[in-house]
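First residue of the sequence shown? That's 1 in the working numbering, and the numbers climb one at a time after it.
You may find that some hints are simply not true.
Computed cross-link-like contacts, DSS-like style, restricted to lysine-lysine with a CA-CA straight-line distance of at most 27 Å [claimed, not checked]: (1) Lys-22 <-> Lys-162; (2) Lys-162 <-> Lys-47; (3) Lys-15 <-> Lys-47; (4) Lys-47 <-> Lys-236; (5) Lys-236 <-> Lys-44; (6) Lys-178 <-> Lys-232.
Pair by pair, the computed Cβ-Cβ distance ranges are [as the list claims (entries may be wrong)]: (7) Thr-234 <-> Lys-44: 39 to 49 Å; (8) Lys-49 <-> Glu-219: 22 to 32 Å; (9) Glu-151 <-> Gly-213: 13 to 23 Å; (10) Lys-200 <-> Lys-82: 41 to 51 Å.
Hints are computed from structural coordinates only; laboratory data are not their basis.
Glycine included, every Cβ here is placed at the ideal spot set by N, Cα and C.
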Amino acid sequence: MFSKNITVDKILRGKISIIQLKKGFRYGFEAVFLAAFVNGYLKKIKKKKFLLADVGSGVGTISLIIAYQNNDISITAIENNKSYLELASENFKKNNFQKKINLIEGDILNIDSQLNNFFDFVVTNPPFYVDKQKQSQNELDNYAKRIINYESWIEGSLKILKDKGVIFLIIPTGLLEKTLISLRKKAGSFRIFPIWPNQKKSSKRLILMAKKGGSSPTELMSGLKLFNTQGKITQKARTYGENGIFNFL
Numbered sequence: 001m002f003s004k005n006i007t008v009d010k011i012l013r014g015k016i017s018i019i020q021l022k023k024g025f026r027y028g029f030e031a032v033f034l035a036a037f038v039n040g041y042l043k044k045i046k047k048k049k050f051l052l053a054d055v056g057s058g059v060g061t062i063s064l065i066i067a068y069q070n071n072d073i074s075i076t077a078i079e080n081n082k083s084y085l086e087l088a089s090e091n092f093k094k095n096n097f098q099k100k101i102n103l104i105e106g107d108i109l110n111i112d113s114q115l116n117n118f119f120d121f122v123v124t125n126p127p128f129y130v131d132k133q134k135q136s137q138n139e140l141d142n143y144a145k146r147i148i149n150y151e152s153w154i155e156g157s158l159k160i161l162k163d164k165g166v167i168f169l170i171i172p173t174g175l176l177e178k179t180l181i182s183l184r185k186k187a188g189s190f191r192i193f194p195i196w197p198n199q200k201k202s203s204k205r206l207i208l209m210a211k212k213g214g215s216s217p218t219e220l221m222s223g224l225k226l227f228n229t230q231g232k233i234t235q236k237a238r239t240y241g242e243n244g245i246f247n248f249l
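With the sequences and hints as input, model every part of the structure.
Laid out in structure tokens, this is it:
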């Protein structure tokens, strides 16, 4: 079905292969850095066994990077688009992570109640475009980026999270207020990690971490600059992207 419409791309210095569509939604730095951030946190807490959900997993990029860096982990990749499900299944097999990653067809806006309060961690790179924004001519691209009810996506992600469990999101900076309002209903102890294009431009993306039932003060973290004054990727950004793990947590 996809033989003429896919590419096979290497990440983490060639350690992981990603099968994805030539046209449509393709993984970017958001997926890589979110997974690397989560890996840094998991290494710090040294929890031996845990359950993690990758909500809206697409072709499985985030799940693959987390699986690569963690041995005692069980990941559930949740996706409801059949094209992405098919590609994700191939990616998990190609990288030999079938035992670590369980792929299920599910909609976080109407998730199976058996998954409620089930996971220690939830990771998500949610669709963020709204209906009034210009649509792509590619249906799968629209599917991956456009969402009908952003608040319900957050609510569903919190439902499947255990009490005191942690949720990680990467979002456009402009969605921070809306995201915090949605999370505050059940979560707190926010940690905000801004990502800047360079030292002159405002943050366009940020990673947001919250604990279900948490009440600690909000922390604004040091963040990361992607490019230096010469327009070259910074050493930190390159290292985190190539290794799939942040080491500052």
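List in ascending order the numbers of the hints, as given earlier, that are violated by the structure. Numbers 1, 6 and 7 - these are the hints that the structure violates, sorted from lowest upward.
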